[in-house]
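Novice: Now for the letters of each chain:
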Amino acid sequence: MRHSARIQVGPVQFRIGSDWRQPIAALETLYAGYPRDDARPADATVRLFAARPWRRWLRPSVHIGGDFVVPDALPLPLSMGLLAAEMGMNLQVALGWRRHLLLHASAVARDGRAVIMSGESGSGKSTLAALLGEGDWRLMGDEFTLVEPASGDALAFPRAVSLKNEAIAEMAARVDAARLGPLLAGTPKGDIRHLIPRADAIAAMHVPARPALILFPRFGGEAAIEPMGEGEAFVRLTEASTNYIALGEAGFAALTRLVRETPAFGITYPDSAAGMALVERLWAEAAR
Amino acid sequence: MPDRAYRAAPADALRIETLGELTAIFDRRSMQTHLVIAPMPEILAAMGGDACGADAIAARLAGEFDLDGEGDVVAIVADRLAELAAMGLVAEA
Chain A
1 MRHSARIQVG PVQFRIGSDW RQPIAALETL YAGYPRDDAR PADATVRLFA
51 ARPWRRWLRP SVHIGGDFVV PDALPLPLSM GLLAAEMGMN LQVALGWRRH
101 LLLHASAVAR DGRAVIMSGE SGSGKSTLAA LLGEGDWRLM GDEFTLVEPA
151 SGDALAFPRA VSLKNEAIAE MAARVDAARL GPLLAGTPKG DIRHLIPRAD
201 AIAAMHVPAR PALILFPRFG GEAAIEPMGE GEAFVRLTEA STNYIALGEA
251 GFAALTRLVR ETPAFGITYP DSAAGMALVE RLWAEAAR
Chain B
1 MPDRAYRAAP ADALRIETLG ELTAIFDRRS MQTHLVIAPM PEILAAMGGD
51 ACGADAIAAR LAGEFDLDGE GDVVAIVADR LAELAAMGLV AEA
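Heads up: the sequence lines are chains A and B, in that order. Numbers 1 to 288, taken from the working numbering, label the letters of the first sequence in order. Numbers 1 to 93, taken from the working numbering, label the letters of the second sequence in order.
What the hints contain is simulated information worked out from the structure, not anything from laboratory work. Every residue gets a Cβ at the ideal spot worked out from N, C-alpha and C, and that includes glycine. Honestly, I wouldn't trust all of these hints.
[To be verified] Restraint ranges, calculated between C-beta atoms of paired labels, are given here:
| # | chain 1 | residue 1 | chain 2 | residue 2 | range |
| --- | --- | --- | --- | --- | --- |
| 1 | B | Ala45 | A | Ile225 | 50 to 56 Å |
| 2 | B | Ala38 | A | Gly33 | 50 to 56 Å |
| 3 | A | Ala224 | B | Thr18 | 26 to 32 Å |
| 4 | B | Glu92 | A | Ala223 | 48 to 54 Å |
| 5 | A | Pro41 | B | Ala45 | 43 to 49 Å |
| 6 | B | Phe65 | A | Ala277 | 44 to 50 Å |
| 7 | B | Ala51 | A | Arg281 | 52 to 58 Å |
| 8 | B | Ala45 | A | Ala203 | 46 to 52 Å |
[To be verified] Here are a few chain A residues that sit away from chain B, every Cβ distance over 10 Å (derived from the structure):
| # | residue |
| --- | --- |
| 9 | Arg15 |
| 10 | Gly135 |
| 11 | Lys164 |
| 12 | Leu183 |
| 13 | Gly229 |
| 14 | Gly248 |
[To be verified] Which stretches of chain B does chain A cover? Using the computed rule of at least three CB atoms under 8 Å from a CB of chain A, they are:
| # | stretch |
| --- | --- |
| 15 | 10-21 |
| 16 | 82-92 |
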C-alpha cells in the first residue's frame, strides 16, 4: 500500500492502507487527537485498493479489503474514500474482534456508569449518543460498545461519529466547525459527516464503565417508556452482537450477566430533545 | 403408543440461566444457545441420570408442582421431550 495510517480507537489498533492519499489524509485529520502507539501491533487491517492498477488514475473507485472481506461490498468512488475507510474499520471489528462481546450499540457514561443504546439504523441511537456527549455525558461510542467478559464492564469505542442526514445540521449548530469532517453527500447511506468526539471523551477512551441502563430507542411516535424483561433484552442483544456466536460460552456468560444486572427499557421519542429527556429520566430513576 | 424413554444431557454439557420468564440454555457440545419457556427447564431438572419416559417425569413434576387442571400432563411432557430431543438437549434412550 502506498499510503498508510495507524489509528487507535478504544482497545482496537487499526492499520489502514490505501492506494490513494486522500482517505488517509482525511483519517489523519479526524483522528489527530487520539492517543497513538505505533509500536503496538495492529489488531485489524483495512485496505482500500484500486480494482486494477490503472483505476487508481482513471475513474478511481475504492474497494474495501482487509482481514475479513464481504464479497459483495460495492466499490465506492474516491470522493467517498473516507466512508470506505469507515466501513472497512467497522467490518474488521465486527467480524474479527474476539476479546470482548461486541454490541452494535452506542453508549454514554457518567460517574463511571454507562447507558448502552441498541437499535437498528434509523433508531437514532447514534444521534442521541452524540447529543448527550455534548452535555454532561462522556461519549463512549456511536456504533459499537464492547463488554469485557471477565468484569462485565463496558468499554468505549469512540470512533469519529458518523452523522447522517438531519443529524448533520443538528450537530453542526452545536459544535465548533473544526470538529466536523468533510460533507460526504449522496452516499449509499445518505449524506454523511463525521464528528470528532470531545477531547475528554477521547482522553478517557480506555476507562471502562459499569453498565447501568440498556435502552432500545425507537425514533418516531409519542414519547414512551416500556420496561423490558431480561429474556427479551437477551434476545435483542444477541441479535445486536456481531460476535456472540464466535465467543461461545464466554459470550453467553457475559450477556446473561449483563441483562440480569442491568435494567432494560424500550424508549420511543418524537425528537432528539424528548429522547434526551427520557434518557435523563431513566438515569435519575436508575441512580436512586 | 409406548412411552418413549429419554436420557438427560451429561451434567457438564448444559449451562442453564434463568432470565425472567425465559430460560437460556448454552449447549457446550454444539456451542448453541437455546431459549425455552416453562415447562422445558422443569422437565430437564426432573430428569435424573437414568433413562426415563414422559409418565415418570410427569409423576415427578406432579410431586413438585400443582398440576391440577393442566390437562393431559403425560401427553404434554411427551411432546416437550420430543422437542427437547430435536434441539439436542435430551437424547432418545
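Novice: Could you see if the CB distance from proline 41/A to alanine 45/B stays within 43 to 49 Å?
Specialist: 48 Å, holds
Novice: Mind verifying the non-interface call on arginine 15/A? Its CB should be farther than 10 Å from each CB in chain B.
Specialist: At roughly 31 Å from the nearest Cβ of chain B, arginine 15/A sits farther out than 10 Å, so the non-interface label holds.
Novice: Taking a Cβ-to-Cβ distance below 8 Å as contact, does the stretch 82-92 of chain B have at least three residues touching chain A?
Specialist: violated (count 0)
Novice: Verify the CB-CB distance for alanine 45/B and isoleucine 225/A against the hinted window 50 to 56 Å.
Specialist: 35 Å, violated
Novice: Lying within 46 to 52 Å: is that true of the beta-carbon distance alanine 45/B to alanine 203/A?
Specialist: 50 Å, holds
Novice: Just want to verify: glycine 229/A was marked as not at the interface with chain B; is every Cβ pair farther apart than 10 Å?
Specialist: 4 Å, violated
Novice: So does alanine 51/B sit 52 to 58 Å from arginine 281/A, Cβ to Cβ?
Specialist: Between alanine 51/B and arginine 281/A, where Cβ atoms are some 55 Å apart, the hint holds.
Novice: So glycine 135/A supposedly isn't at the interface. Is its beta-carbon more than 10 Å from every beta-carbon in chain B?
Specialist: 33 Å, holds
Novice: Can you let me know if the beta-carbon spacing of alanine 38/B and glycine 33/A is within 50 to 56 Å?
Specialist: 53 Å, holds
Novice: Would you check whether the claim that leucine 183/A is not at the interface survives, using Cβ distances to chain B and the 10 Å cut-off?
Specialist: 43 Å, holds
Novice: Honestly, do glutamate 92/B and alanine 223/A meet the 48 to 54 Å range at C-beta?
Specialist: 53 Å, holds
Novice: Taking 44 to 50 Å as the hint, is the beta-carbon distance of phenylalanine 65/B and alanine 277/A inside that range?
Specialist: 45 Å, holds
The structure does not agree with the numbered hints 1, 13, 14, 16 stated previously, though it agrees with the rest.
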